[in-house]
Amino acid sequence: MAEHVILIAGPMGAGKTTAIQSLSEIPVVSTEAANTDRATANKATTTVALDYGEITLDGVEKVRLYGVPGQRRFDYMWRILEERALGLILLINNDGQDPVGDMLELIKDFSALQERGGVVIGVTRSDVQEYPHTSQYVDSIREVYPHITAPVFSVDARNRDHMLITLTALLFNIQAQSEAPMEDVA
Amino acid sequence: MRPTYTIGFLEVDSYHQVLVRSMVSRAAASLSATWDIAETPKADVVIHGPRAAAKNASGRLNVRLCGQGEISNNPQDLPAPLRLSALLEMLKRAEADFVNTVGVSKAPQIQAAPQAPPVIHETAARTGMLILGETILKSLASQKPGIIKVLCRDREALWIDLRRRAFAAPYALNEMPEDADAIRLEIIAVSADTASPVPTPGTSLDRLLWHVGLRAGAGKPAPWVNPAKRYKLKYWPNFSELPHSITHMNLVARFGSEALTADDASLRCGVDIATVINTMNALTLMGLLNENNGVEIRRLQTVTQPEQVSRVGGLIGRFKSKFGW
Ligand SMILES: Nc1nc2c(ncn2[C@@H]2O[C@H](COP(=O)(O)OP(=O)(O)OP(=O)(O)O)[C@@H](O)[C@H]2O)c(=O)[nH]1
Ligand SMILES: [Mg+2]
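As they're listed, the protein sequences go chains A and B.
Once you know that position 101 of the first sequence is 101 in the working numbering, the rest is easy, because the numbers rise by one and skip nothing.
Once you know that position 8 of the second sequence is 1008 in the working numbering, the rest is easy, because the numbers rise by one and skip nothing.
Quick caveat, the hints were computed from the structure, so don't treat them as lab data.
Predicted model only: the values in this text are computed from it and were never measured.
Glycine included, each C-beta is placed from N, C-alpha and C at the ideal position.
Worth double-checking, as some hints may not be accurate.
DSS-like cross-link-like pairs, simulated, lysine-lysine; straight-line CA separation at most 25 Å [to be verified]:
| no. | chain 1 | residue 1 | chain 2 | residue 2 |
| --- | --- | --- | --- | --- |
| 1 | B | Lys1138 | B | Lys1232 |
| 2 | B | Lys1220 | B | Lys1138 |
| 3 | B | Lys1232 | A | Lys62 |
| 4 | A | Lys62 | B | Lys1320 |
| 5 | B | Lys1220 | B | Lys1232 |
| 6 | B | Lys1320 | A | Lys108 |
| 7 | B | Lys1042 | B | Lys1092 |
| 8 | B | Lys1144 | B | Lys1042 |
A few chain B positions that, by computed beta-carbon distances, are all more than 12 Å from chain A [to be verified]:
| no. | residue |
| --- | --- |
| 9 | Ser1022 |
| 10 | Leu1137 |
| 11 | Pro1145 |
| 12 | Glu1241 |
| 13 | Ile1246 |
| 14 | Ala1259 |
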C-alpha cells in the first residue's frame, strides 16, 4: 500500500492533536500527560510523545498524519520522519506570545520541506485573539522566503473542512512546485 | 478515427521524462491524436537529450531538448526550460506531418513552425459586477480610498469602506444582481474623521472582491486583466473564508509556482479557459496576481525528485474521488 507522511507541527496548544482528530479516520493515538506549563497554554493536558492518525484512500493509499510535539521536533526520530514526509501543516495559535516569530522559526526548522513547497500554515484560535491578522504572517514569510508562496489560512483545528482545505492546498502546492519547469527566470 | 502515436526518449534524464509525461497528459484535450509514452526509444516522436548523438535518430520525427542555458535557432529543438506551449506546438506539428505522410516510413523533417494564430479573448460586457470591480479598483488606487454605497434595486444599501478594507451587506452576496441596470453606485468622498458606515469589524473586503471578481467578466477578461500577459501569484487567498472549488485551489497553486498566461494555466491545470479567466479576474481584483514583466525571480529549488511529480498527482486524484470534488 502506498503511504504518504504528513507532519503537523506547531507551538504548544496550537491545535495539533485536535487537527489530527478532525482529519483522522481511525481513533487518534496520542500520549497526553498533565500540563505543568499552564502559562504557555492554559489546558489540562499536553502531548508528550506523539499524535498519530490515518486517512485511507480507495483502500490502496494511506496518508499517515503525525503530530510533532513542540520542542521534540529536534529529536532524532522526528528528523527521520521529516525526511520521509511529503509535507507539513504548520499550526500557529494566534493567541501565543509571538505567533509570527514562532512561525518563522518553525519554517526555518523545516526549511527543506519549505523549499519544495511542502509547508502550509494554518493560523488557529484567531477567534480567541483577533490580531495579528493573517496578512502579517503572509508579509513576514514573503520577506524571508520571497521565492515561495506558502499558503496561509485562518483555521479552526476543530473544523474538519478547514483542515481538509489546508491539506488540499498543501498537496496542490507541492504538485505545482514540482511540476513547474526548472528555470532561473520565472 | 483518432490516431495514436508514441513518444520515446533517447538519453533524456528522468526528470524531463516525467515532465513530458505530465505535460502530455495535461495537453491531451488540445491534441487531435492520442499520445502514448513508449518504453523504448523507437517511437513516432523521439525526444533526444541535449547530448544524445544525432545519428541515433530512430523516430519518424526526432527532436532535441536544449541544455540549460542553451540558445538554439534550430526549429526542431525544444527550448530549455521546457514549456508546455513548446511541447504542444511540436506535437501539433507532428500530428499535421504524420497525417500528410501516412505509411511513409522515413522520418519526416519538421518544417519551420508556422506561427500559431494568436488566441483572441473577447472583452467582457459592462455588467454591474464589472463596473463595481472597476470602481473599487479605481478608488483603492487613488490617494484617498473612500466609501462606496451600492444600491441594488429596492434593497437596503451595501456599504464598502475601503479605508478599512471591510464591507457590510444587508443580504447574502449571491442575492446581489449582476446586470448594470440593477446596480447603482455612489462614491462618497471622505476625510480622516468621516465615520464608517460599516460596523466593526465588518466583513473582509476580500470576500466581496472574490465574489465580484469571479462574476465580473462572465468568462471573459475584465479590463484589469490582460489574458496575453503572464501573471504570478503574490500570495494565497485565505481559502478558509472564501467559497471556492478545488479548481480554484489548483489554479492558485500553479500561479504560485510559475508565471502563466491564461492559456498556459488552462493547459497546465486542464481547466476550461472561462474558469481560468474568472479566477484571474478575481485574484487580480484582490491584488493577488502580479503581471510578470520578465522580472527575474530566482527559484532556489533546482532539484525536484521526479517520483514526487506523479506521486502527488495520484494522491490528489484519490482525494478527489474520495470527497467527490
Ligand atoms: N477557540 C478555538 N479553540 C481551538 C482552535 N483550534 C484548536 N482549539 C482548541 O485549542 C486547544 C488546544 O489544542 P490541542 O489540540 O490540545 O493542541 P496541541 O497543539 O496538540 O497542544 P500540545 O500537544 O500541548 O502541544 C484545544 O482545546 C482545542 O479544542 C480554534 O481555532 N479556536
Ligand atoms: Mg497535542
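Status of the hints after comparison with the structure:
A C-alpha spacing of about 22 Å is found between lysine 1138(B) and lysine 1232(B), which places the hinted pair at or below 25 Å, so the restraint holds. At roughly 20 Å between alpha-carbon atoms, lysine 1220(B) and lysine 1138(B) fall within 25 Å of each other, so this suggested pair holds. Straight-line distance between C-alpha atoms of lysine 1232(B) and lysine 62(A) comes to about 33 Å, which puts the hinted pair past the 25 Å bound. Distance restraint check for lysine 62(A) and lysine 1320(B): the Cα-Cα separation of roughly 14 Å lies within the 25 Å cut-off, and the hinted pair is therefore satisfied.
Distance hint between lysine 1220(B) and lysine 1232(B) is fulfilled; the C-alpha atoms sit about 19 Å from each other, no more than 25 Å. Restraint check for lysine 1320(B) and lysine 108(A): not satisfied, since their Cα atoms lie roughly 31 Å apart, outside the 25 Å limit. With a C-alpha separation of about 20 Å, the suggested pair lysine 1042(B) and lysine 1092(B) falls inside the 25 Å cut-off, and the hint holds. This hinted pair does not check out: lysine 1144(B) and lysine 1042(B) have alpha carbons roughly 66 Å apart, beyond 25 Å.
Interface exclusion of serine 1022(B) from chain A breaks down, the closest Cβ pair being 6 Å apart, not more than 12 Å. Separation of leucine 1137(B) from chain A is adequate, the least Cβ-Cβ distance of about 19 Å exceeding the 12 Å criterion. Annotated as non-interface, proline 1145(B) keeps its C-beta farther than 12 Å from every C-beta of chain A; the closest such distance is 16 Å. For glutamate 1241(B), the condition that its CB be more than 12 Å from all CB atoms of chain A is violated, with the nearest at approximately 7 Å.
Not every Cβ of chain A is farther than 12 Å from the Cβ of isoleucine 1246(B); the closest lies at roughly 7 Å, contradicting the non-interface assignment. Distance check on alanine 1259(B): its Cβ comes as close as 5 Å (rounded) to a Cβ of chain A, failing to clear the 12 Å threshold; non-interface status is violated.
Hints 3, 6, 8, 9, 12, 13 and 14 from the list above are not met by this structure, while the remaining hints are.
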